[in-house]
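A.B. asks: Sequences listed follow chains Z and U, in order.
Going letter by letter, the first sequence gives residues 63 to 670 in our numbering.
Going letter by letter, the second sequence gives residues -8 to 491 in our numbering.
Everything labelled a hint here was simulated from the structure, so no lab data went into it.
The structure displayed is predicted, hence computed values, not measured ones.
Treat the hints with care, as some may be off.
Simulated pairs of lysine to any residue, SDA-like, Cα-Cα distance not exceeding 25 Å [what the hints assert, rightly or not]:
(1) U/Lys232 - Z/Gly448
(2) Z/Lys148 - Z/Val169
(3) Z/Lys315 - U/Ser269
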Amino acid sequence: MSTVGPPGLDVVDRLIRLVEAGDRRDLLQRLAHTRRRLLDPTVRVLVVGEFKQGKSLLINALVDAHVCPVDDDIATALPTEVSYSKTPTATLVRGVDGASDAEITRVQLSLDELASYVSEAGNPADRQGLLRAEVGIPRQILADGLALVDTTGVGGLSSVHTTSTLAALPTADAVLLVSDASQEYSEPEIDFLRQAMKLCPNVACVLTKIDLYPQWRRISELDRVHLAGANVEADLLPVSSTLRLHAMRAEDKQLDDESGFPALVRYLHNAVAQADRLSRRSVAHDVFTVTDHLAVSLRTELQAQRDPEGGTALMAELEAAKSRAENLQRRTSRWQQTLSDGMTDLTADIEFDLRDRMRQVVRTGEAALEQADPHAIWEQFTEWLGQQLAAATSDNFVWANQRAQSIAQQVAVHFAEDGGELLPELRLGATPTTLDAVPELAAPHADDPKLVGKLLTGMRGSYGGMIMFGMLTMLAGAASMFNPVSLVAGLVLGGKTLRDDKHSRLKRQQAEAQMLLRRQIDDVTFHVSKECRDRLRQVQRLLRDHFSEVATELQRSLIESIQAAEKAAHTEDSQRQQRINRLNAELAQIDTVRQDARALLAAPGNRS
Amino acid sequence: MSSPTRAAPGLSAAVRAVLRRAAEVYRDSPTTATQLRGQIDRLDEPLRVAVAGKIKAGKSTLLNALVGEQIAPTDAGECTQVVTWYRDAASPRVTLMPRTGASRQLPLIRTDGRLEFDLRGSTPEEVDRLLVDWPSRSLRTTTLIDTPGIASLSTQISARSIALLAPDDRPSDADAVIYLMRHLHATDVRFLESFHDQAGAPAAVINTIAVLSRADEIGAGRLDAMVSARQVARRYRSEPKVRRLCQTVVAVAGLLAQTARTLRQSEFSALAELAQASRSELDSLLLSADRFVAAQSHPTLPAQTRNALVERFGLFGLRLATNLIRQGYREPAALTEELVRRSGLDELRTVLATQFTERRDVLKARSALLLVERTLREQPRAEAHELAGEVERILAGAHEFRELRLLAELRAPDLALSADARSDAERLLGGHGAAMPNRLGLEPDADPGSLREAVTAALARWQRRAQSPLSDRAATDRARVVVRSCEGMLARLSRDQVSS
Chain Z
63 MSTVGPPGLD VVDRLIRLVE AGDRRDLLQR LAHTRRRLLD PTVRVLVVGE
113 FKQGKSLLIN ALVDAHVCPV DDDIATALPT EVSYSKTPTA TLVRGVDGAS
163 DAEITRVQLS LDELASYVSE AGNPADRQGL LRAEVGIPRQ ILADGLALVD
213 TTGVGGLSSV HTTSTLAALP TADAVLLVSD ASQEYSEPEI DFLRQAMKLC
263 PNVACVLTKI DLYPQWRRIS ELDRVHLAGA NVEADLLPVS STLRLHAMRA
313 EDKQLDDESG FPALVRYLHN AVAQADRLSR RSVAHDVFTV TDHLAVSLRT
363 ELQAQRDPEG GTALMAELEA AKSRAENLQR RTSRWQQTLS DGMTDLTADI
413 EFDLRDRMRQ VVRTGEAALE QADPHAIWEQ FTEWLGQQLA AATSDNFVWA
463 NQRAQSIAQQ VAVHFAEDGG ELLPELRLGA TPTTLDAVPE LAAPHADDPK
513 LVGKLLTGMR GSYGGMIMFG MLTMLAGAAS MFNPVSLVAG LVLGGKTLRD
563 DKHSRLKRQQ AEAQMLLRRQ IDDVTFHVSK ECRDRLRQVQ RLLRDHFSEV
613 ATELQRSLIE SIQAAEKAAH TEDSQRQQRI NRLNAELAQI DTVRQDARAL
663 LAAPGNRS
Chain U
-8 MSSPTRAAPG LSAAVRAVLR RAAEVYRDSP TTATQLRGQI DRLDEPLRVA
42 VAGKIKAGKS TLLNALVGEQ IAPTDAGECT QVVTWYRDAA SPRVTLMPRT
92 GASRQLPLIR TDGRLEFDLR GSTPEEVDRL LVDWPSRSLR TTTLIDTPGI
142 ASLSTQISAR SIALLAPDDR PSDADAVIYL MRHLHATDVR FLESFHDQAG
192 APAAVINTIA VLSRADEIGA GRLDAMVSAR QVARRYRSEP KVRRLCQTVV
242 AVAGLLAQTA RTLRQSEFSA LAELAQASRS ELDSLLLSAD RFVAAQSHPT
292 LPAQTRNALV ERFGLFGLRL ATNLIRQGYR EPAALTEELV RRSGLDELRT
342 VLATQFTERR DVLKARSALL LVERTLREQP RAEAHELAGE VERILAGAHE
392 FRELRLLAEL RAPDLALSAD ARSDAERLLG GHGAAMPNRL GLEPDADPGS
442 LREAVTAALA RWQRRAQSPL SDRAATDRAR VVVRSCEGML ARLSRDQVSS
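Only chain U is shown next, with the shape it has when bound in the complex (with noise of 0.2 Å):
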């Protein structure tokens, strides 16, 4: 099913011709230019999603629990310091891009499946980026970008994830972020309001998404730990100060998504041998990881091989596990999903999937409409007049933006608006994902006839409020906007029965 944000030929199209009439305007500065056709390609390439978040919060780890493979490098220290993309490729190969001069590769070292970055002599300082090309399924429709941690001891590092997300200079680099927080402390709050500054932008709000990573920790590793974790984001999700900076917030445990999506044949030997001793002896095996690596803990398993497992799945992967295994998980395949599903990263996916993936076309537009907004104001042309007021007519008429731009208002605390009519409008303007069943609040499966009644009744209820004498101008905007969207469901429904 296409959903009415995916199928925008409209709002690209314009796009598209918005950014090759400001290309030719600024002919005469190549790298403008440049920079201007650069972002008609980027409308046709995958989604560039950006993990942040302070350091240590497991942006690398999250990163390879999405690829699906351990590719970047993660370390008990601060470990990535550039700026690292990912993206699909035929081959493997990793590009250097300094900050000045021509980019060249680097030897492509990987120890134990992850990539080791050699610079070659140049400093982290001079590096712009690393470009990382790597075949893989789960790159094919966004690259994924890792950032250096923010508030990390080195200020320049944290200098240069910043300039990633929220550049003085130019739009940001990222469409969308997953911001990475292991509590919500006031320098998470700080840096999610910076993403928000960018004047002109349509509700940043909707391209980011909040992570509470490490999330077996705050339980301090016990197996309901995730449970606790859930609670949390819960909370974090009805608190006003958070509804306006993102849109959600997912519990993951990282390091167990890691590891149960790249889990080997010998690892689930290892943790079916374990998980054979009794209750009591287990209990005492995993009090703490010293014990659990200390030289005679065990009488079977090699220590070198629990030291590896313990850095591999954690305390709570471990207990998780091994209780899994004695409850019956007895295949590698069975085990790898459980553990998936209980780490938060099937919950995460689908928001991705929801959030970013089904809006990607008008995250993207939005980015390459920010980018000409910024060049016009930085660069002005007598001749680019009129290109200014066709980005401003897209900006604020597309009924794409209009419908993002209400769905940030919906968040703020203050709307003079009864919380189910706030709740169903954010559903209908695809506050729940974007594709049609979401919006509507129906299975993924159902039928045209079902969709076509929900539609219709969505639809009377919200023009209801548009005509209602007793609203106000705002609230009378406001269901407008709903009400539009509610119609191009309807048009689609009639077109998709049409053509079938």
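For reference, chain Z alone in the conformation it holds in the complex (with noise of 0.2 Å):
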């Protein structure tokens, strides 16, 4: 296996090549995406959790570096990503949300100036436009592509704030939720872990600081009631970041061990295996598809040319794969309806629960505004607006997600059920059926999988034979270009002022709020609705682009090999010798590729 670039990267040129000899270049597109998902091997941490509790310590102690600025008082106010490279690197990231790739800039700076732009003190609010930080340093622990990113936790975790944390989530491979050993899980906390399990099936409890609190032990037990509690399966890992950095400086390894690191570095190495095998099943996975596809002319070919007389029974069996395949192309193909219907009540039903919880957000808003001078208290009545109707889009934001990614599945399922795979018979005994040596992922919690977990690994790992990696990647893109809570941000009350007219009766004054109240909440529900419908239909438009796409490979296979079959019945007897000579050969090559690919599967996760 060549040594530069990632495991796999040589078997998917290898495959290239033979795809660009067999004339098949619609296959071309999807090992493109293949080689471009290997060469980027990042697995994203996010580090979350309300402000104050070390978040950024932890990181530091993590890669044993000064890359987060850490402050007794100020807060981290920009999201940091720490990853690797050769070099200690330093960059600013600027532009607005949702910009495309040329409306950001970036600026190189060296890691001591990038503390005055990161904290609270150096850059109050973000008013200087900046998206985020991007710290690279050599660290063996982040070789292996691990990425951490420092949230920030202004405000903690009931704020605004939470939504944009939540919106990040889907494209994150792990989660560790900070939280500091002084107390137990607070209700915010609870209610975040809960949210972002639905998101990210891989989440981690961090308790920090425990050299300071000797009862840590009980709060760490009372936390875990407090998961169990609401439902929430994941590691606590107690550490010490002050201790670890001791540790670090002193080499003492004893010290290491009571910092608790190394639970966390482990759970972490794990993190970085399990999107490892990921990453290595879903090439494979992409291998086995693209060379079943080559083969399958061959194969066709093949036989024709050993038992010309049989012909007409495998031409039969060909004739009806291939008209299953149109069918799958047609709009009302199951898999077409699936989507289509599912798409419609989806959109439906994310519509009415906006609806509803903006009803309540009306009702309790109005009832406010009933008993007090609204004039007293705006500026807190907005505040409040703006977080409930953050928290209602985040909510609405996870729930289409998750059906969203319910519906996927289902699609894929119909699809392969209909025959949307390759025809199994012709795989002719020597080679196994492709999911065969793919082991089983080890789901995150495999002894009792909830649901959500269930489904969600079950997402990234296979369905009936298609590949779900790729398609999950680009769901989470799709639903990350779509922020709520930016979009919220932006309208509260943009314009709408409450007039300071002193001589108005209160009365009236109470009308004009609830007025404005019940017209802000319109624009946000008009603009919200309309978002979450394009981001849906986006969503379906990337189904049914892909399953339509596969559909269309599986039909010109097909009639390759029809083709071929025909053109093996006018071979002359003098050259069907050679002819064999010559497929078998080319179905040995194939066959080494998936040799090679199946020892990605069977190889530990080693990238470096």
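Combine both chains into one complex, guided by the hints.
C.D. replies: This is how it looks when you write it as structure tokens:
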């Protein structure tokens, strides 16, 4: 295996050459996608939590370097992504949320300068339009593609920041919830965990500052009880960043054990290994699928060459398969129906859900305005409203995301059942069925998989022989383009100000404030539901395109097989043996690629 | 020295008269009448100060530190589940007041000094409050109210605290609030704001003090942690958002304060023994709590003793105490004094004295008038018309309330007033303590001559402002209130002179 680039790259490249030689350009796109994924093996781990819990120090202790500024008072204001690079680098990324690559500017600077941008002191309320900071640092722990993201904890989990963190979750490979040992979990923390579990199956809870609190064991027990009570199945890892830093400086193995970091590092390694297994598995899967496509016509021809008389039965089977593939492309096919019906229902449900939540907000808000002088409470009220709207849209978002994924899964199943696979009997004993060699992926909670965990793990793994991994990244990409929070934040009472008319009567002012509230909610509902509808339509299009493409590939392979079989019937006997040898040689070539891909599955996770 | 606000016979008498008349008007409604009459007694009782904050903010610990005894139960988990009153009395007693039914006495159980409340079959939901009678000098002027944490996992528990401090259906039971926070969190701001919603209440900001509790943890228990914490407190103090919500922000290391005030001889000896180790040995021993209590980590002190020590002091307390002993604090009394000073408790007590104790009559009068106002609004009576006018007249007219209102106004960030004039007015109105020397920015023992001199100068300053043709109406009104405060002080000085 080649030592340059990640394992599997060599296999994919060889396959690309074969595909080019075999004139199946339609399969190239899929392999190009595989190749891109292989070259960017980043495993993103989000570090989240209320502010002042020691998130930045945790990252510093993990990489044993001062990469995230730590202060007694000032909190982190800018998300910072720490990943591997050969020399230390720091980059500021400037732009607006959801901007295209062209609108984003990057500024290189030194690590020391970075602190003034990342902390709240240097960058109050993030006024400089910065998106995030990126730090590269040569550390063994990051070498396997691990990227740690320090999120802002300003204002705590209950604020608007939560929702932007939530929106980033579907793209993360793992999440560390950081909470210090001074107290047990609070309600917002448990709520966050509950939501996070639905968006990312790999969540671990880190209990920090255990050096400072003698009762950390009690706290960790209480936390475990809270976790169990909320049905959150996540590891709880007690650590002390201070001890870890001491241990690294003194090279004291025992102190390092006391710091609890070895367990955390193991957890991260597992997360990386799991992501690695997933990636190998999906590469192997892509390779198997493409080789199947390549092999099917060769094998058909081979069979026809060997046994020209038995051709009719084979042809009939191929024709049947071809018509199934054609059916799959029709709008009336079952998977298309499942997709469009599912999405229509989903759009309606999500919209209803959003309206229902908004109605609750209106009711509570109106009641509050009824009882007070709107002027006296206006600032407080708008803040409250912002939070309520953010909470409503984020719940709505989590739900939409979940439902969309379950529809995707259902579509996949129907697609596979209705003939979305190459005929298994054509695989001719010699090669095992595609997935036989794939070891079952260990789910994060293997013994008692909760529905959600099962769903997501299942999706990331496999379904009915199709490739979900790439699909999922695409879905997540589409989802993260939609950030409900920035949308809501931009809309909060923008331009709507309460007229400060000291002479008008209280009743009239209350009525006016209530009207503003209703208009505001109408605006938000309108924009969010439009955005939501657009996003779901985008997901629908993605799924439709993906499966249509697979169906086209399938049809093409079958047509080629039929042509090959027909050609075989007309081959002259003198050339027959030669042709058989040639086919065998080509098949052997394909088979070595498959063997190598299978080796990928067996190899333990070791990228470097 | 009696302060102008302490000696407010006019205000107190007027409020008393209003309460009596209100009780008369509502004599046909026994609950309301009892409530109103209770309020009359309250005028002679100690000031009620609630200790509030989010869960695990260290409310019970700080309460113990203020009382100087470890009476309120404290625990690593969420601990205080019902509102608990601590008041001075001749003999200790615990009474349970249920939401419905008659109150009953609970057995007095103490473990290691701490009280243990056995609710005797009642759930926390059924209990309105616990009343702890406790003979203590510290409780003589103030009754302290311990509250369950807000934003606690069990929503009902936090609901009980909010009901006490910002009740929907009756004026707050507490006259003043010490609000504990670990950092300024969005929920803290929201909660502080909820005290301010009572319509017609003059200046709730005046009865709230914020405490940056568990301050040693802000600096991760380093020796200089309190320096860091005081800086944070200073920053909060200057933040407009915070200024609008509370009088001031003080940093206190609650656990250390509590332990220092209850330091035992045995603990001092253990600390002294610890302090004998070399610098590096001590540093490595105090690297983490686990290290400190590990079986073989100290040659002579048994693990059990060390366990108890770290529970009582925390790592910061141990680091600081051993360091102080090495510096020469070799007597328990001296060590206690220094630890209390370093913990920030002294500063908090001074602030409480100047902000709450000296102003207690005004704060109580305010609570009383709010009750009457609310009663009149909710149960309107034809014959109460005159009474309503009287309440409004006192709230709007009494100079003490005008002072409070103006003080609150001065804290708004967008006032057209120079920073100097603003802080001058704030001080004269009693923002840094209601006693005369505080108002004049002089030492507490200043002689009458210098007091008079300072008042006269201030009076002239503000009279000029009040008469300036350039001032708008609002500015003139503000200046007049300050002038009136100065005149009051001058009158008192003359009175004192005559009487002596």
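A.B. asks: Within 25 Å, alpha carbon to alpha carbon, are lysine 232 of chain U and glycine 448 of chain Z?
C.D. replies: holds (18 Å)
A.B. asks: Given the hinted pair lysine 148 of chain Z and valine 169 of chain Z, is their alpha-carbon gap at most 25 Å?
C.D. replies: holds (19 Å)
A.B. asks: Is lysine 315 of chain Z close enough to serine 269 of chain U, meaning Cα to Cα at most 25 Å?
C.D. replies: Holds - the C-alpha atoms of serine 269 of chain U and lysine 315 of chain Z are around 23 Å apart, at most 25 Å.
Every hint, counting from the list given before, is met by this structure.
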